[in-house]
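Residue-level listing of the chains:
4 protein chains.
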Amino acid sequence: MKKLVYFLTGIRSEYDILAPVIEAVSATPELEAGVIVTGAHLTQIHENSVRQIENDGHRIVARIDSLLASDGLSGRVKGAALQLTGMSDLFARERPNFIVVMGDREESITGALAGVYHHIPVVHIGGGDHADDGNVDNPIRHAVSKIAHLHMATTPLSGQRLRALGEEDWRIHVVGASGLDRLFSTPQLGRNDLEAALGVDWNGAPYVVLLYHPTITDFDDAGVHIASITKVLEETRLHVAIMMPNSDPGNQAIVGELNSFAQRCGRVKLFRFLDRLVFVNMLRHANALVGNSSAGILEAPSLGLPVVNIGLRQRGREHAGNVIFTDYSREEIRNAIVKSVFDQAYREHASAVTNPYGDGTTGRKIAEILANTEVNKKLMHKNFLM
Amino acid sequence: MKKLVYFLTGIRSEYDILAPVIEAVSATPELEAGVIVTGAHLTQIHENSVRQIENDGHRIVARIDSLLASDGLSGRVKGAALQLTGMSDLFARERPNFIVVMGDREESITGALAGVYHHIPVVHIGGGDHADDGNVDNPIRHAVSKIAHLHMATTPLSGQRLRALGEEDWRIHVVGASGLDRLFSTPQLGRNDLEAALGVDWNGAPYVVLLYHPTITDFDDAGVHIASITKVLEETRLHVAIMMPNSDPGNQAIVGELNSFAQRCGRVKLFRFLDRLVFVNMLRHANALVGNSSAGILEAPSLGLPVVNIGLRQRGREHAGNVIFTDYSREEIRNAIVKSVFDQAYREHASAVTNPYGDGTTGRKIAEILANTEVNKKLMHKNFLM
Amino acid sequence: MKKLVYFLTGIRSEYDILAPVIEAVSATPELEAGVIVTGAHLTQIHENSVRQIENDGHRIVARIDSLLASDGLSGRVKGAALQLTGMSDLFARERPNFIVVMGDREESITGALAGVYHHIPVVHIGGGDHADDGNVDNPIRHAVSKIAHLHMATTPLSGQRLRALGEEDWRIHVVGASGLDRLFSTPQLGRNDLEAALGVDWNGAPYVVLLYHPTITDFDDAGVHIASITKVLEETRLHVAIMMPNSDPGNQAIVGELNSFAQRCGRVKLFRFLDRLVFVNMLRHANALVGNSSAGILEAPSLGLPVVNIGLRQRGREHAGNVIFTDYSREEIRNAIVKSVFDQAYREHASAVTNPYGDGTTGRKIAEILANTEVNKKLMHKNFLM
Amino acid sequence: MKKLVYFLTGIRSEYDILAPVIEAVSATPELEAGVIVTGAHLTQIHENSVRQIENDGHRIVARIDSLLASDGLSGRVKGAALQLTGMSDLFARERPNFIVVMGDREESITGALAGVYHHIPVVHIGGGDHADDGNVDNPIRHAVSKIAHLHMATTPLSGQRLRALGEEDWRIHVVGASGLDRLFSTPQLGRNDLEAALGVDWNGAPYVVLLYHPTITDFDDAGVHIASITKVLEETRLHVAIMMPNSDPGNQAIVGELNSFAQRCGRVKLFRFLDRLVFVNMLRHANALVGNSSAGILEAPSLGLPVVNIGLRQRGREHAGNVIFTDYSREEIRNAIVKSVFDQAYREHASAVTNPYGDGTTGRKIAEILANTEVNKKLMHKNFLM
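Residue numbers (full-length UniProt numbering), protein chains in the order written: chain C, 1 to 386; chain A, 1 to 386; chain X, 1 to 386; chain S, 1 to 386.
The set of hints was computed from the structure by calculation and includes no laboratory data. All figures in this text were calculated on a predicted structure; none of them were measured in a lab. Check each hint, because a few of them may be wrong.
No copy is singled out in the list; a pair is fine if it fits within one copy or between any two copies.
[What the hints assert, rightly or not] Computed cross-link-like contacts, DSSO-like style, restricted to lysine-lysine with a CA-CA straight-line distance of at most 30 Å:
#1 Lys269 <-> Lys377
#2 Lys3 <-> Lys231
#3 Lys231 <-> Lys365
#4 Lys231 <-> Lys377
#5 Lys231 <-> Lys269
#6 Lys269 <-> Lys3
#7 Lys377 <-> Lys365
#8 Lys269 <-> Lys365
Bound conformation, chain C alone (with noise of 0.2 Å):
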């Protein structure tokens, strides 16, 4: 018989991070997946993005419609509720083998809990990832990693903090980021077609790209502090992408920045989504990726793309030398911005940098380790090196 392996996903950047490890347990012939929808994949402000995992032909095993529309920190605890709640029923019923979560978000500290209170093998993708800006995901991942049985570790460093940690060695699997199993794979677009796909008619000009999310820890001032970054847009008289931020609080200041800034400046152009293939050579032939997205830290290092990371998210994680990081001052973030876009001996040395977090081979390495992993006492009875 198979072994059934739940995966849970709640938002379209944590499902591209997931889809490869999908579809390779979805290949083996030992393992079965399943996949959990709930959070923004089921509202309408990232349209409907459940429909993409439908369209990648995963099978989704419940819907559990999780995301409260009042954009507070009170709506993150009752969302998460409703996510254990949803996941109660459902393992009293299916009992998975494997329930897999990754990262930092409510619904990895859900997935976790509602796997081991019913006894079930809780996977941790990203654990041991390090971003020292204060914010509640830190403590939440390392929180889910005590939970997890199994480690799926995005690099070395990460593997060894979560020894530091406490995690037993055997425990841990270094199997690098599976984010970038799918931009190896992802063909190439020429520039004019890219330009096309993306409906603009910037000529090969030089542009950069923006994908800026909220912080928690700072949201309140996300107005100002994404105001502070489209105003030195502006005057670099640069070609802007922008990808819309994500739906944690702060996001609707940033929205409407973005669209006002959209609208005074005819050089910027809008994107609420954007297919994978476009999205990834998008990314490269961009000049620079500005703002604090994970994909300047994971995935621009493969690309040689110089990258602006701005403010707390991302910073402290483990990188290559294609970031430089800035507070949102206006005049560090130009100079970041400059450098990156104009500078030839900066943006060579950023184009030969080694990726730490692999070559991606991530989620065939996952499913692999799944289908030799025996459930047993062993593997259920935590111990702590301590």
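Based on the hints, put chains A, X and S in the right spot on chain C.
Positioned in the frame of chain C, the structure of chains A, X and S alone reads:
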């Protein structure tokens, strides 16, 4: 303005340990205490122990009905969801300055999550403790520690474990076990008065106390295990005072066997609930404590009481030299009870141990720390030693 | 494609009535049945009656753990919320063609609400019934009727009441009580075989059956009320077969007194659960049925069994001439029992009544109606006679 | 001791109608008002209208975050569950003397259920109203009436309908529509001041007000329907003042088209929110009200304002002679607008109608009834005329 300190409690045994801290917080001019009551407190199974909290004069700020009747794994998860939901609206409205959780139960992790997502500092009592029982409680306790902003460790060893698991030194306070605070302050009852209070007529004959709770890891065998213990106790012909178990899964099998034991054996007396006064003096006069209660680890050493701890619960916890650990073999259990009750050399040794869990001033220490802790960015921004 | 008919059930007594309808639906080629199991079915209190549903071979489409342990008013509301939450995700995913609810319990109104808000036709069994007991169930039943799209009324009088309350004629079907379907199909047991099955040795002596459930309107007095009944039964010196009460508030006081009655009186036998075969034959051979069970109203007339109905439960329901209604006065209860058991003229009269609840073909009738009902705008667009 | 009267509100339009009743209850010495705020009030979509409730000086006894972001059918059911859960703990703790609900929304039925299961009298405002739109709201409203203990009917006809649906005469009070109370008390603004307040420069030219909400029965076509309306309004070349729709499913399509209409047509002004003062005077000076708002039915007759009501919403409600009902045909809509704005004979007729919804003293009447109603068995024990 006073700092508002919320406590979360779901079961009598937990409240008994929290109560000295709540009292000390209430007695501190800079602090104000509020109690969130949930779980078993609100059910008749435990005779609505919420009434004891009311009678103790504490301000109850919310009652969150959360215990499912289904006595299974999924009920635990659903109950946790109800706790999160209830705290969500409460914290959004009231914004306490601290939320205090204890130990390793569902309410420990739900209180920690509700707190951290509302940016309210989480105070964890009992972090760094360790019971090597393969139980879900152990990873949950460590997960709560990852989230908590202040650790109130019960022993120096627990403090060291927190550090080994990556917690920063300045967050860790070794304060002892608050459960001892009440032990020292409970008045003495003579043996005759005790027998009257218990409604028994044992004329000063030796007796043991049996406190046996279900263990999550082997709750399917709870009926078999308790039957081994009652069988041995029946053969020893000792008098036995029994407290009913807590409401964890497996509870019903134990209750059934204990009822049967009491019906078939006249030397046995069953108690659903005892006043603190009576309970403590029942331990003071007992010849041994049998079962798997934390009282054997925490409080028995201060009373010089020999303890027979059966099975995985409490296994591996820091303890003094008054405890014999056994598995479920009847012979092991019998030998340990005989030694504890009748071996005078051993009994003298057990009566002279030092209690690693402190000296009964834990509540006061915690209250002082909270009164002197400033809620600021440093407190809220967790770093980890790794 | 088959029409998918979902049934919602929360307690054994309700399932017993639904079961013949589920069977008839399953036996109808155009229909497919699914059962949503919730409430007391999933708890040990009722020995996990979900197993009976499984053993009956029905497809369980969801288990929604919902019964709170708190045995109070707020637990009822919270349990209803868990039912709504569970059905929400289920209906969004599965979209049954009909949702069938019964009577006047929490799951009747939650099923109706989940259905109507998902635009799924709601079929209500037992609308238009009436029990003038001041109980919350009565208004709930009528509220469900306002929402329901099809009414399966048990008697012509109930059908008339639905019309009087504004329901359109064409939505109302008088189909009888499905509880009778199984009564007629249950094989006969001789008196000796019955005694063997019950584990009693009554040698054919007269006995009464006691079925007494808590009533929401006076649940605080449940202990006093049941004590009056057991006192009278103790004095009559009749043999008594007792079924345990359902899990409504007040249940624990009744359970306590029944246990005590059985302990102090050797002629009494207590049952938590009986096979349908044994239960029906226990009624067939009984000299009277005492208490407040709906079996006295619905099934007893078809068996010619005299009934003493005590208190407000069942009061005011349509009934045949085999029922004597009493309040809690011991004298009234005693007189009614004596008349029912020993007054031959009355017993002959009671044995010859006509059952207003039909002839045991209810399940088949309902299945036919559902097979022949088109789900269209007319069905979904409720008008009211007013 | 004052009687505690709780009001439940989930959306601004509902609060606007409840507010005069809350004010009147607060002004009554025997009563004390508390407001439970839930649903859209707590979201930024409606600019956190909870702040208006705070600014009005009412005591908010609970905030129950309940609106899901998913904008679908299952979100409605899940939101209802969150309301029930929140009220469950609240009512167990506080036990108000009355819970007042209004109309036919989710919070109407959840408030009624939470009340009746806690044995708290339910007061229903707007029972017996009728809108023959095939909408789920209609049966919900009647279901709430079945549960409610006191009915505050808006018109004599609504009172008669309640009787026809089986409600007892003495529970029914015809009190008018409280929405009118504020209309009469709102000060007058001159046309110039109004234009200044609206930020428009229309120089006294004729204008219409557009208020169009999604309808549950055809929310899939919401985008097509609103496009027909905007197209006609674009052709008429009238000035148009538009209020944004409520948050029911379909809302996003309407918002999209209205934004587009305002961008392509200079005579159009869009408002997310208007002060009562400005809103009422906007209606007073308008030449017609277009759309499907209840303001056209309830308030417009008291202002002598011609109304064009499009589609099923409000269809079949009791109304005066100032309303023309149309379907979505552009020609019908155009003819009705032209007649309303330009046909002087019709405009004179419309200006002189009598409002069936009363005279603006509804709040005071309800407060008096609650002050004079004893909460006793008679009130709680519902009988039905049938």
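Q. Can you name, in rising order, the numbers of the hints this structure does not satisfy?
A. Per hint list: 1, 2, 3, 6 and 8 violated.
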